[in-house]
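Student: The residues making up each chain are set out below.
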Amino acid sequence: MIALLRRDLTLAVRAGGGFGLGLAFFLVVVILVPFAVGPDTEILARIAPGVLWLGALLACLLSLDRIFALDWEDGSMDLLATAPLPLEGVVAVKALSHWLTTGLPLTLAAPVLGVLLNLPTPGFAWLVLSLALGTPALSIIGAFGAALTVGLKRGGLLLSLLVLPLYVPTLIFGAEVARRGSEGLELGSPLAFLAGISLGVAALMPYAAAAALRVNLR
Amino acid sequence: MPELGKYAGEVLSAYGISLALLAVLVAVSLARGRRVRAKLRAYEDRKGAR
Amino acid sequence: MSLWEYANPKRFMQISAAVLPWVAGFGGVCLAVGLIWGFFGTPEDYRQGATVKIMYLHVPAALLAINGWLMMLAASLIWLIRRHHVSALAARAAAPVGLTMTVIALVTGAIWGQPMWGTWWVWDPRLTSFLILGLFYLGYIALWEAIDDADTAADLTSVLCLVGSVFAILSRYAVLFWNQGLHQGASLSLDKEENVADVFYFPLLLCIAGFVLIFLALVLYRTRTEIRLRRLQALMARDRLL
Amino acid sequence: MSQTVTAPAAVMAASGLACARGGIAVLDRIDLELAAGEALVLRGPNGVGKTTLLRTLAGLQPALAGRLAVDPEGVVYAGHLDGVKAMLTVTENLTFWARCFGTEPRETVARAVQAFDLDGLTDRAAGTLSAGQKRRLGLARLLVTGRAIWLLDEPTVSLDTASVALFAAVMRRHLAAGGAAILATHLDLGIPARSLDLSAFKARALIEHDDFNEAFL
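Protein chains in written order, with my numbering: chain Y, 1 to 218; chain L, 1 to 50; chain F, 1 to 242; chain E, 1 to 217.
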């Protein structure tokens, strides 16, 4: 499993594109927001947590189809399925490497973009914390979507359609934590819910995704 | 026609849209059902003839 | 004879052919009577005025939007566990019907909400949950359409339906948490009779019965279509191979 | 080939096996037995179901009927695609698969590289290899897994004569060490092997099976 993680990370670094692209997309989306809603700093400060969360979610969505597609196309998936490590483990590792190459950089970049949107000072820590807790769930749910659509030719668009409704709870709680954080409100319960979703999804989703992969393999 | 008062537009449009949606669903289902049935029948006849 | 015998496609075709006209006929009659009674024969509500008549469409549609998904969930489970083809196809057949019900519920709700709440749309938990439910239906249908191999499609959509159900419930709680909402409580429930006055109650029951029966008739009919389509595909596949 | 199978008994046995492609049975009533040190060549025209049978034996798809006795941790499957990552070097590719299958990468990789004459290429990115070289890399992967039963689907595609000879030699050594293999190939590799013509097992009667399309026939 560590070997698989290392290979995926090496591949992501060598192929470039992957996380650079997600980050750039995040940056562009956030920069476009003031052009759409106007430069009023008060409005920007109010919507900043939500915009940053939404931007991160969309940037995460961009690279989901690559979680399994590359290994599928060159036959590695067949070989991985016959290898001694369980498919559930493969899914978990793939989701983890997706998170390390997209979710983590997005989380780290978010505060910088928060400055552009005039995010109130107390919000930064909570924004980073909520993204750090929430983006793993996005990667794992996305891995499930990718497993469903891996055998399809034009799976990319369908993948978004399948995954976006599944992202709703994570987005709600994540953005709520960030919003309450920036307004200095109490945020214990959404934070607990967010962590709960991430944990629950991490524990159960690999099984669903592996089941979908097995169906696609036969 | 009952007196619908100031809400006539709302009530009638709600009925209209809902029944239209149902009608479209029924029509689409029937059309597809017919098409599939015809295709299957044609295929089975062709096989029988062979 | 066990209940599972009905899952044999041939038996299902026979039985559904016999049952379908009755279900459709009764459904049509119930709905027509209920709607006409409701539309012409019931008074205006003292607060809502004539808009109360939208209820006869809104409530049954909303009910079926949710129960349609539950039916798909049950059918998906049966397919995954017992692998009865008809079950998977029934789930597929129900999805567009459920989606239509969701759309009817949303549209009638919006039309009703305009004069009552003064806006077409509010991000109320119930409305939002229905919107999300509609998205789930869309994704489910799209996944069925996208996959060529029928068994693969049945398996994957069933898994999606299971996972989707869990997330639908999660979303419901998340949305409740997110916004407390304007929507009134349920118009109808078995233990709380005082919800709707009797004058509205009976036509509403008739409309619900009509909607349920028409839903059933549509699902049966569409399942028959799916079975025929599947048979056609199976015949063609066999001819290609042999 | 760190692992040798000592027992002369069958390492893989199938009886009454039926396999399906696209929900329709294509092969039926296959009985086969494979002993250690033995190779079995699947023959038959295109589309008869060689790939389907190999994937079923590898456990990638469920059998429609029949029994299959094999240790799933003992087989390795190599299909039409090599599973080679263009961005990784030859050594990295092999090392990854060695780790995946839990063998000691340093010695197995060296041996595999040598066996398939990849010495000069170890630091080249796999994407820059020719089709034949890539195929050799894909086959070298078999050695790295350390598994005894090889299921090979058209292993000699895009190999030149010299490489085919190389592969035959590897194959002979593998069998001599107690390994076993089932190959779908049209070439005569010059190794002692039984052959099994799959046209004889073409599914004729339609099997009543709940699980598949045939419920609708």
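Take the hints with a grain of salt, since some may be wrong.
[Unchecked claim] From the structure, some residues in chain Y lie toward chain E, with a derived Cβ separation under 8 Å:
hint : residue
1    : R14
2    : S76
3    : A81
4    : P84
5    : S189
6    : L217
[To be verified] For lysine to aspartate or glutamate, the following EDC-like pairs were computed, each having C-alpha atoms within a straight-line distance of at most 16 Å:
hint : chain 1 : residue 1 : chain 2 : residue 2
7    : Y       : K153      : Y       : E88
8    : L       : K6        : F       : E44
9    : E       : K134      : E       : D119
10   : E       : K134      : E       : D117
11   : E       : K134      : Y       : D74
12   : E       : K202      : E       : D188
13   : Y       : K153      : F       : D124
14   : E       : K134      : E       : D160
15   : Y       : K153      : Y       : E42
16   : Y       : K153      : F       : E44
17   : E       : K134      : E       : E104
18   : E       : K202      : E       : D31
19   : L       : K47       : F       : D239
20   : E       : K202      : F       : D239
21   : Y       : K153      : F       : D239
Don't read these hints as lab results, they were simulated from the structure. All values reported here derive from a predicted model rather than from experimental measurement. Note that the Cβ used here is the ideal one computed from N, Cα and C, for glycine as well.
Student: Would the pair E:K202 and E:D31 pass a check requiring their Cα atoms to be no farther apart than 16 Å?
Tutor: 13 Å, holds
Student: Please verify whether E:K202 and F:D239 have alpha carbons no more than 16 Å apart.
Tutor: Holds - the C-alpha atoms of F:D239 and E:K202 are around 14 Å apart, at most 16 Å.
Student: Are the Cα positions of L:K47 and F:D239 separated by 16 Å at most?
Tutor: 10 Å, holds
Student: Hey, Y:K153 versus F:E44, does the alpha-carbon distance stay inside 16 Å?
Tutor: 55 Å, violated
Student: Have a go at the Y:L217 hint: is there a Cβ in chain E nearer than 8 Å to its own Cβ?
Tutor: With a minimum Cβ separation of about 5 Å from chain E (threshold 8 Å), the hint on Y:L217 holds.
Student: Next item in the hint list is Y:S189. Is there a CB on chain E closer than 8 Å to its CB?
Tutor: For Y:S189, the interface hint is violated, since the closest Cβ of chain E sits about 43 Å away, which is over 8 Å.
Student: Decide if the proposed pair is consistent with the structure: L:K6 and F:E44, CA atoms, cutoff 16 Å inclusive.
Tutor: 12 Å, holds
Student: Verify the proposed pairing of E:K202 with E:D188, using a straight-line Cα cut of 16 Å.
Tutor: Not satisfied, since the Cα-Cα distance of roughly 23 Å exceeds 16 Å.
Student: Between Y:K153 and Y:E88, does the CA-CA distance stay at or below 16 Å?
Tutor: Violated: Y:K153 and Y:E88 sit about 24 Å apart, past 16 Å.
Student: Sort out whether Y:D74 lies within 16 Å of E:K134, counting only the CA atoms.
Tutor: 12 Å, holds
Student: Please work out if E:K134 and E:D117 have their alpha carbons no farther apart than 16 Å.
Tutor: At roughly 12 Å apart (the allowed maximum being 16 Å), E:D117 and E:K134 satisfy the hint.
Student: For the restraint on Y:S76, tell me whether the closest CB of chain E is nearer than 8 Å.
Tutor: 4 Å, holds
Of the numbered hints given earlier, the model fails hints 5, 7, 12, 13, 15, 16, 17, 21; all others are met.
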